[in-house]
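First to last, the sequence lines map onto chains A and B. By the count of my numbering, the first sequence reaches residue 616 at its end, each step adding exactly one. By the count of my numbering, the second sequence reaches residue 616 at its end, each step adding exactly one.
Because the hints were derived from the structure by calculation, they are not lab data. If you're wondering where the values come from, they're calculated on a predicted model, not measured in any experiment. Be aware that one or more of the hints could be misleading.
The list treats identical chains as interchangeable, and a pair is accepted whether it falls inside one copy or across any two copies.
Here are the simulated DMTMM-like cross-link-like pairs (lysine to aspartate or glutamate), alpha carbons at most 25 Å apart as the crow flies [claimed, not checked]:
hint, residue 1, residue 2
1, K437, D182
2, K500, D560
3, K585, E557
4, K500, E557
5, K598, E301
6, K138, D399
7, K297, E175
8, K141, E362
9, K500, E561
10, K585, E438
11, K569, D51
12, K295, E374
2 protein chains.
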Amino acid sequence: MSTSSSFIQGQLSPDLTQPLPGSRKAYLCGSRADIQVPVRQVLASDGGGQVLVNLYDSSGPFTDTPVDIRVGLAPLRESWITERGDTEPLAGVSSDFARQMAEETATMPRFASRRPLRRAKAGKRVTQLHYAQAGIITPEMEYIAIRENIGLEQARTEQRHRGQDFGATIPNAITPEFVRREVAEGRAIIPANINHPEAEPMIIGRNFRVKVNANIGNSSVSSGVDEEVEKLIWATRWGADTVMDLSTGRNIHHIREWIVRNSPVPIGTVPIYQALEKTKGIAEDLTWELFRDTLIEQAEQGVDYFTIHAGVRLAFVPLTVDRVTGIVSRGGAIMAKWCLAHHQESFLYQHFREICEICAAYDVSLSLGDGLRPGSIADANDEAQFAELRTLGELTKIAWEYDVQVMIEGPGHVPMQLIKENMDEQLKHCHGAPFYTLGPLTTDIAPGYDHITSGIGAALIGWFGCAMLCYVTPKEHLGLPNKDDVKEGLIAYRIAAHAADLAKGHPAAQAWDNALSRARFEFRWEDQFNLGLDPVRAREYHDETIPSPAGKVAHFCSMCGPKFCSMKLSQELSANRDGLKAQAQRFKEQGAQIYVNQD
Amino acid sequence: MSTSSSFIQGQLSPDLTQPLPGSRKAYLCGSRADIQVPVRQVLASDGGGQVLVNLYDSSGPFTDTPVDIRVGLAPLRESWITERGDTEPLAGVSSDFARQMAEETATMPRFASRRPLRRAKAGKRVTQLHYAQAGIITPEMEYIAIRENIGLEQARTEQRHRGQDFGATIPNAITPEFVRREVAEGRAIIPANINHPEAEPMIIGRNFRVKVNANIGNSSVSSGVDEEVEKLIWATRWGADTVMDLSTGRNIHHIREWIVRNSPVPIGTVPIYQALEKTKGIAEDLTWELFRDTLIEQAEQGVDYFTIHAGVRLAFVPLTVDRVTGIVSRGGAIMAKWCLAHHQESFLYQHFREICEICAAYDVSLSLGDGLRPGSIADANDEAQFAELRTLGELTKIAWEYDVQVMIEGPGHVPMQLIKENMDEQLKHCHGAPFYTLGPLTTDIAPGYDHITSGIGAALIGWFGCAMLCYVTPKEHLGLPNKDDVKEGLIAYRIAAHAADLAKGHPAAQAWDNALSRARFEFRWEDQFNLGLDPVRAREYHDETIPSPAGKVAHFCSMCGPKFCSMKLSQELSANRDGLKAQAQRFKEQGAQIYVNQD
Chain A
18 MSTSSSFIQG QLSPDLTQPL PGSRKAYLCG SRADIQVPVR QVLASDGGGQ
68 VLVNLYDSSG PFTDTPVDIR VGLAPLRESW ITERGDTEPL AGVSSDFARQ
118 MAEETATMPR FASRRPLRRA KAGKRVTQLH YAQAGIITPE MEYIAIRENI
168 GLEQARTEQR HRGQDFGATI PNAITPEFVR REVAEGRAII PANINHPEAE
218 PMIIGRNFRV KVNANIGNSS VSSGVDEEVE KLIWATRWGA DTVMDLSTGR
268 NIHHIREWIV RNSPVPIGTV PIYQALEKTK GIAEDLTWEL FRDTLIEQAE
318 QGVDYFTIHA GVRLAFVPLT VDRVTGIVSR GGAIMAKWCL AHHQESFLYQ
368 HFREICEICA AYDVSLSLGD GLRPGSIADA NDEAQFAELR TLGELTKIAW
418 EYDVQVMIEG PGHVPMQLIK ENMDEQLKHC HGAPFYTLGP LTTDIAPGYD
468 HITSGIGAAL IGWFGCAMLC YVTPKEHLGL PNKDDVKEGL IAYRIAAHAA
518 DLAKGHPAAQ AWDNALSRAR FEFRWEDQFN LGLDPVRARE YHDETIPSPA
568 GKVAHFCSMC GPKFCSMKLS QELSANRDGL KAQAQRFKEQ GAQIYVNQD
Chain B
18 MSTSSSFIQG QLSPDLTQPL PGSRKAYLCG SRADIQVPVR QVLASDGGGQ
68 VLVNLYDSSG PFTDTPVDIR VGLAPLRESW ITERGDTEPL AGVSSDFARQ
118 MAEETATMPR FASRRPLRRA KAGKRVTQLH YAQAGIITPE MEYIAIRENI
168 GLEQARTEQR HRGQDFGATI PNAITPEFVR REVAEGRAII PANINHPEAE
218 PMIIGRNFRV KVNANIGNSS VSSGVDEEVE KLIWATRWGA DTVMDLSTGR
268 NIHHIREWIV RNSPVPIGTV PIYQALEKTK GIAEDLTWEL FRDTLIEQAE
318 QGVDYFTIHA GVRLAFVPLT VDRVTGIVSR GGAIMAKWCL AHHQESFLYQ
368 HFREICEICA AYDVSLSLGD GLRPGSIADA NDEAQFAELR TLGELTKIAW
418 EYDVQVMIEG PGHVPMQLIK ENMDEQLKHC HGAPFYTLGP LTTDIAPGYD
468 HITSGIGAAL IGWFGCAMLC YVTPKEHLGL PNKDDVKEGL IAYRIAAHAA
518 DLAKGHPAAQ AWDNALSRAR FEFRWEDQFN LGLDPVRARE YHDETIPSPA
568 GKVAHFCSMC GPKFCSMKLS QELSANRDGL KAQAQRFKEQ GAQIYVNQD
C-alpha cells in the first residue's frame, strides 16, 4: 500500500473515487429535499432496450463528488439532529484525554476543521430507539426505508423463489413506519451518533438486508493514518455497511478523527483497546474512570457503536481453562486478565448502567462483545460461550431501559452443524436484538483462506437470521490486512450476505441475480461485468484470454470456445420458441404419457 | 503459465514436485506388500514432543520420487488386475479413431511408451461393483479402507463434536468389508479403469470423506499439452481426488494419453466433447456409431469415468424454453440440439445398455450427467432439472444390471434454501447412488469469485450427503482457468469438503482442526503454516508484515501486535490452571448461585 503524502493533502487516487465501471451514482428523494438516498445505477441493455439496475450503494460521496479529506464529508444529518431540539452544542471536549490531545504537540497530521460537538440536553435521551418508542419517524428512518427498497420496483416483475426465513418477516415493501417499529421493538438498530452527522443512515436487523462490517485499524506493528483512511474509503467502495476502527497502536485518537470525519458509514470501535493503550498495555491498571473517559472521548468524536465486553464476568473465566484456544477475543482476554488479577467482577459489568447513560446522550449503539467466543472448532458452543451469551441478554434489557440501541456479537469458529444453535440461543436469550457475528469460520485448517472458511459460515448464519456479518480477510490469524485483503474479505462477505438475502426470500434480492444471468445468457459481456460485485476483476479475467474488444461481443469465451458454448447452442434452440412452448405444454398436460410415447 | 519445452522432456519444476513445506510422504502398508497407501505426514511439536500428523494425500508419486512424464507413473494396480484372471491383453487398439491416430503424422509430441491394453474376457464383467457383489474384497478395497482411516488413530484421543449426518452412516473405522458392502450396494464407487493401473484407488460415497474433483483441459481458444499435464500434477498436489479432462480443442486424444499415463487420480471425461470434435462441431452429425467408437477409444486409454448426458431426453428439452439461462451444460446443449434437429429420442438414452456393456468390459464408471442443470438462480429446481434427475435414477438401475458403477451429477446454480431439496430428490430417485455436484453456486452476482459463491453451496450439499464436489474456479463464466485459478478453486473446495466432513461428524475430521488450533494457540507458527491446506500461502502472508525469523517464534503477529494478542493474554491466564479448574468445577456445581454471589 502506498503511503503518499499527497493523500493526506486531500488528493485521492482514482481507484478510490471513480464510480465502478458502468455504474453511476444517483439519488432517490424522500419527503423532504434533504433526504437523498444514494444508489448505484448500472446501465444495461435488457429486453431490447436500455435499463437502469438500481443497487444498494455504501460508497458515500467519494464516488460522486471530489472530497477533500482534510475537510471531511458534508454533515448530511446535521439539520435533522439540531431540529429535534434535544441536543446542545458543547463549548469543547468533555473528556480529559481529548483535552490533553488538543494541548499536545502534534507528532502527526491532525484533522483540523471541526464542527461544534453536541450532547443531549440534560435528562434527554437522543437515540433512534427513544424516538421510535415515542412513535416518531425520524428522517433517518425514512431514509432507511427508501434505501432498503432499492431494486424492489424492478423486482416486482420478476419471478422469484420462495425463501426459507426461519422466522424473519421481511415485508414486500419497507415503510418508514416498519423501520420505526423494528427499531422500537429492539429488533433493529440505526447506529447514528449525533456527532457523526456525515454518515448515511443504515439499519441492522434481521428483517432487512443482511449487512457487512469491515474491520480496519492499525496495530503497533504496522500501518499509519494514510493507509487507514485509504482502507476506509476502499472498504465502503467494496460494500462495507459499517467499518470498525480497531486501531491499537499509537495515535489512535487522531487516526479515529480522520476516519470518522471521512466516513459515510457508521464507525464502530472497541474502547477497551484505547483504554489499554493509556495504561501502556497493562490490563491490571485499567479502571472504570479511565474507561469512562475513553467512552466520552470517543462518543464526542462520533463513534456510532461501541463493542463492550461486559459479559465477560469473573465467574466465566475459569470455564475457558480446558479450551483448545482459550480466550481469543482481544477485549475478552483483557477483561479476563483484569478480573483475575483483581479477583473482582468486571468493571464493565458493574458500571453497565453508567455506560448506557453515556450512550443515550450521544446515541452510541452498543455492540455487546462476545469476549468468550470460540477461537477453534473444538471450543464451539461451550458453556463459557453460552454463559456469556445469556449475560448479554440480561444486559440488553438494561440497555433498553436507557433507550440505548443494542446488538449482540457472536462467534467465531463453529462447524456447520452447530451454527444454527448459535442463532437459536441468541434469539432465545437476547430478546430479538440483532445478531452480529464474526464469520463463523467452519474449519480451522486453512490459514490464508479464512475469508472462505468463514464466508461459508457467514452465509449460513445470515440465512438463519444474523443481521450483520463481520468480515474476515485472508490475512486472519497471520497479519494485518492490507488494501487487497480488505477487498477480498468484503467481496466474500457481500456474497455471503446476498446469498443469505436470497435464501431468506428478500423480495428485491433475486432480481439482481436475474439481471446478471440474463446478461450472461445473451452474451452481453459488458453488462455481465458491470452488474457483478466486482466489475474490475470480472473484466480482467475475461481480458486474460480474450483481450480484443471483439471478445466482448462474441457469443463464447475461452472457457469452452465457440463450438462448445452451451449458451450459444441453447440460444439457437430458442429460435423455435413457439414450437418448444407448445411441446412443453403438452408435456405438462400428458406428463409420463408423452414421455413413454417417445421411447 | 510457462510452456517450456523442457517440461515435455520430463523435467518437472520443483513447485510441482517438492513435498509441501514441513511435510513428507510416507506409506501405510496393507496385508500384502504391494498395498502401499500414501500419506502426507506433517512433523509438528505438540504436547511437549514431536508428533506426526497424518493427512490424506492425493498428490501421487510426484511428491516422492522423480517422475519422467515421458515414461509415466508406475502401474501400481497392474498385478491386481492381471491376478484376477478375467481380463486379457489386446493386440492393439479396438477403436477406429485410435487406429487412425496411430497412423497419422505427428503434429505434436506423442506419449511413446505404452503397456499392452486390456479388456474383459468375453462374458466377464470386470468392475469393482461386480467383485463387491460377488463378496470379493479387492486389493483396491483394502487400499481404500486404509486410506479412509488416515488420521483416525490420532483422532481417537481427541474430543470431537457430534455430527449431524442426515442419514449418512460413517462407522468409527472403515474396514475393507465396509468398503465392499458400500460398493456392492451402489452407495459408493471406485473409479478404476483396468487400463489406468497407475491410479491410486479412491472411493466416492457419502459414508466416506467428501471428495473433490478438478476440471482441467484445453479449449480451442487456449492451452496445450504442457499446460494441461502441468495442471494435472498441480491439481493433485492441491488436493484433487479426481481430475476431469474436459479438453475440447485439437489433439484431444494425444493430450488425454499424456494425462492418463501421468495421473495418480482417476480421470473423468465427457466423451461427447470429443465426438463433436470428430463431426467438426456439428451436433446434428453425431451418430451412435461415432460415439460408441469414442467410448472404446477412451476406455482403452484408461479413462476412469465417463460423464454421459443420457438423461437429456427429447421430451424434456421444451421444458427449458422459459428459463433465464436455457441449457448451460455443454453436453446437455449438444444433445438437446441433436434431439430437436432429428426429432428423435437421444441416442445416448436409446443405446444406454450398449454403453453399459462397454463400461463393464473396462470398469469405466458412469457419471450420469445433468445436462439440464440450472445455470442461474432463477432456473434452480425446475421441472426440466427434476425430470432429468428421475431419468438418471432409471438409468442407474439399468447400469447396475450390468454391474457398472454409477454416480449422479448435480447442479449448478441453486440458492441456499433450495439445496437440500436437490440432495433429497437425488437420494429418493437415484437409489442411493453417489451424488456429484458442480458447486452449487448460491448466487449469480459475483463473476470472478465463483469459487466462493459455489464453495458455500458445496459445503452445504457435502454436509447433506453429496459424495464429491466438482470445483469451480474464479475464472468460471469468464475464461479458461490457469494454474493459479486451479489452485484457488481446489483450496476453496478442500475447505468445503472438510467443513462438510466436520459437520457430518466424520470421526477423523476434527483432529486436524484441533492439531492446527493447538499450534496456533501455542504460537508454533511453523506448525500452523505446515498443518494448513496451503503452507506456502500462510507463510507468505505472515512474512509480509513480519519477515524476520524471530517473528516465527514470537508470541504475537502484526494483526494485533504484542500487547493486544488475546492468545498471549489467554496463555498467561492459564498459568494458574489448577486454580481456574477448581473454580470452573464450582461454577458447574453451583451454576447461577455463584453467579449471583459475585455481583
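Verification of the supplied hints:
no.: 1; hint: K437 <-> D182; result: both (13 Å within a copy, 15 Å between copies)
no.: 2; hint: K500 <-> D560; result: both (23 Å within a copy, 16 Å between copies)
no.: 3; hint: K585 <-> E557; result: within (22 Å within a copy, 42 Å between copies)
no.: 4; hint: K500 <-> E557; result: both (18 Å within a copy, 16 Å between copies)
no.: 5; hint: K598 <-> E301; result: between (75 Å within a copy, 22 Å between copies)
no.: 6; hint: K138 <-> D399; result: neither (44 Å within a copy, 60 Å between copies)
no.: 7; hint: K297 <-> E175; result: neither (58 Å within a copy, 39 Å between copies)
no.: 8; hint: K141 <-> E362; result: neither (30 Å within a copy, 77 Å between copies)
no.: 9; hint: K500 <-> E561; result: both (23 Å within a copy, 13 Å between copies)
no.: 10; hint: K585 <-> E438; result: neither (46 Å within a copy, 29 Å between copies)
no.: 11; hint: K569 <-> D51; result: neither (41 Å within a copy, 54 Å between copies)
no.: 12; hint: K295 <-> E374; result: within (23 Å within a copy, 78 Å between copies)
When each numbered hint is compared with the structure, violations occur for hints 6, 7, 8, 10 and 11.
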